[in-house]
Amino acid sequence: MSNTSHTTPPLTPVLIAGFAMRPLPPALLQPFLGLAMRLLQRRHPGVFERLSSVDAPLFLVDPVDLPLRFVLDPDPAMPRLSALAEDDPPPEGITAIIRGPLLALIDLMEGRIDGDALFFSRQLTIEGDTGAGVALRNAVDGAEIDLVEDVLSALGPARAPARRALGVAGGLLDRFARDMETLRGAVVAPAMQKAETQAAALRRLEEKVAGLDKAQRRQRRASTP
Amino acid sequence: MAARLTLGPVFYNWAPERWRDFYFRIADEAPVDVVCVGEVVCSKRQPFLDPMLPEVIERLQAAGKEVVLATLALIMTRREEEGVREVCRQTDLPVEANDFAAVSMLAGRPHVVGPLVNVYNEGTLGYLARNGATRVSLPGELPARSVGRLAAAGLVDLEVQVFGRMPLAISARCYHARSRNLHKDSCQYVCADDPDGMDLDTLDGEPFLSVNGTQTLSYTYVNLAAEVAELQEMGITHLRLAPQDVDMVGVARCFRELADGAREAGQAIARLDALCDGIPFSNGYFHGIEGVGAKGPLEVVE
Amino acid sequence: MTTQKLELVCPAGTPAALRAAVDSGADAVYLGFRDETNARNFPGLNFNREELADGLRYAHQKGAKVLLAINSFPEAGNPGPWTKAVDDAARLGVDAVILADVGLCDYAARTHPDLRRHLSVQASASNPEAINFYAREFGVRRVVLPRVLTVAEIADLNKSIPVETEVFVFGGLCVMAEGRCALSSYATGKSPNMTGVCSPASHVRYVEEGDRLTSRLGEFTINRFDSSENAGYPTLCKGRFVAAGKTSYLFEDPTSLNVIDMLPDLMAAGVTALKIEGRQRGRAYVAQAVAAFREAVDRAAAGIPVGRVDLTSITEGRRQTAGSYEKAWR
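Protein sequences, first through last, are from chains Z, P and C.
Per our numbering: the first sequence = residues 994 to 1218.
Per our numbering: the second sequence = residues 116 to 417.
Per our numbering: the third sequence = residues 7 to 336.
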């Protein structure tokens, strides 16, 4: 699957970090992901209960600016999160694919940003079973996840220094994100405009064909005995 | 006993003379038992029909039809409320309420409740029966299971629409006017241009809905020809035909024969197909699936 | 007539959203049980009984009310889920139930006469006679007005009815008379009235075709967006269609209602409460919308101009309208 065309070609700090991560095999991440799931299960069991309306879903979460994708199996008894390298094929039976820039996905997970707003602005896409995707979004939004707080709670006495370090990192990341946004606009905007013109021309053509189709169908019906 | 046939009100903005002549022909030729008359969709059209109404009623009554006055579906202004009150106040003819305002005005005397009033369960049906309703025309959305249960309650006569476009929504906004960049207040009555509704197609050119001023209907014609027997077994007493811009006398004859067991459903559907000029049929709501769906003999084999 | 401060009624799809609404200054929060008894029966949303009890405690501690929407129409032969919802509302001590079905209004009035009853927008009571009917027959104390009336009509209406009115001021916008729309079930078999959903996500498909995004509902294409366009829900009434050879948003553009600058007019029209739509939206939306309206309501009450507040980022299609409150909308 190579659906890499996205409306806002992401050139975020995460992307830059992504290049650095490229040689990192997903297997190395697995212990951290396992820990994250156990933490989520302990601190936010409601997430999994809220997903009970969907029958055994399997989500593919695709941060478009990372060379990695994640498979989430929110089984209430044993939730699992695993990482896939970009070229690894996803497992069978994916219910829905959620795509967006990593920072947006983190904001969404922490309830800092409204999923619909992300969607309306085309930063977030849901493919496959939209109902399952919406359920996941609602469940996560209802959980009041706070990654920093959740991780810190697991750290115990090391909390305070860690909190300071994370705070600094968060601020740096924000500033970096703003700078990169400016750069992205300069590099990408002209290319986007061209694609735009082509798309409009294509749409006009399609409307014409659709109109012809209808006229033809009418005639066919009228001549049917 | 075989079900009676009701001709629902004309939803469209037909020229007054045409509207009158349509009912004259119904009076003279159509084997229907009940005829609903009156403007349901837009109060702005009312003044054009009023002058025709007395002679239409007279002709229908002379032909032995039960004439019922249908009220406005969405009442927003004082003037509209007064108009409906006037209809409900007269006692010469039975009234079909299409809004709870009319249900309220008709409290304590026999009346009909129309399909635009939300009657989904025995609780509401029971209330309406106590309020004076003698017949309730059920909302088109109801599946067979609900229709059967309401019929089993045996509270009042029940009616189900078996033919014609299904009214799906009503709005304060006029979409006919909007399609011509006009506002409702200065609409120039452009809805008159589409006597069977204005097609609304998807971007793929597939006909989907039908617009009639402030009302939105299904593009497909509901056709429960194959379900008439089942409806009668459930105890449905009246079958409703919604007037379309087709030979409604022919349509009425078809359903009369079906209700009398004098015609096979398959034959009737073929006949209706010929009368309706290629408009697709649907019966999905009754079968508990999407309304646009077609089950049984209506399924189109490509 | 004494001008009272407008009551701000805010959505909560989850306990987290309830806390966000209360913390951001909601006077009341409305919510529903996690089943087909309410008109936002969306996956992953709403409250179980225990969560409602917790939510009630939280809201009441902070002086906010909790209103429970039981505003779909009970299924024939299966009244249980709806009557039980009303019973549990009374048992748990919610401040009011919001009902739409006449049969259920009747049940609530007879079984729990002391349980305050509001009439849902789903009942589409748009005129004095209909509103007086619900007040007289079922002791309804407040009516949520359908989004079909102008401010002038609302002012006129308030003079002829003995009950409070609540009006929508922000969020998703039904363009059809609510509770009287079967567009969704025509395409999907699921409707607000029967299943508590409109254009349900389970029947929605987004298809990316190059740089364009096509949204489909059931078997029908509802819209197609170029890369530069903001997307919207594939709600039927916000779809792009072709009529008389012209492609347009015939019913309504993807847009959100926002009348934050009309609060003084609504006060003058005698409205009691303002409603923010969006139980299906995230708590970030709830916090942002509620905080903005909290400030606007306080300013309006103090006679200070409300001023411009930018809520564009949380609106559908990133556009706003005053909807039916202005006559030209029709």
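Derived by calculation from the structure, the hints in this document are not laboratory data.
Incorrect hints may have been included.
[Claimed, not checked] Think about it this way: if two alpha-carbon atoms lie no more than 27 Å apart in a straight line, the pair counts; the simulated BS3-like pairs of lysine-lysine are:
1) Lys-71/C with Lys-11/C
2) Lys-159/P with Lys-333/C
3) Lys-11/C with Lys-68/C
4) Lys-165/C with Lys-333/C
5) Lys-333/C with Lys-252/C
6) Lys-11/C with Lys-165/C
7) Lys-159/P with Lys-196/C
8) Lys-196/C with Lys-410/P
9) Lys-90/C with Lys-11/C
10) Lys-196/C with Lys-165/C
11) Lys-11/C with Lys-333/C
12) Lys-159/P with Lys-252/C
Please read these numbers as outputs of a predicted model, since none were measured by experiment.
Right, here's what the structure says about each hint:
no.	hint	result
1	Lys-71/C with Lys-11/C	holds, 15 Å
2	Lys-159/P with Lys-333/C	holds, 16 Å
3	Lys-11/C with Lys-68/C	holds, 18 Å
4	Lys-165/C with Lys-333/C	holds, 20 Å
5	Lys-333/C with Lys-252/C	holds, 24 Å
6	Lys-11/C with Lys-165/C	holds, 18 Å
7	Lys-159/P with Lys-196/C	violated, 33 Å
8	Lys-196/C with Lys-410/P	holds, 17 Å
9	Lys-90/C with Lys-11/C	violated, 34 Å
10	Lys-196/C with Lys-165/C	violated, 38 Å
11	Lys-11/C with Lys-333/C	holds, 26 Å
12	Lys-159/P with Lys-252/C	holds, 26 Å
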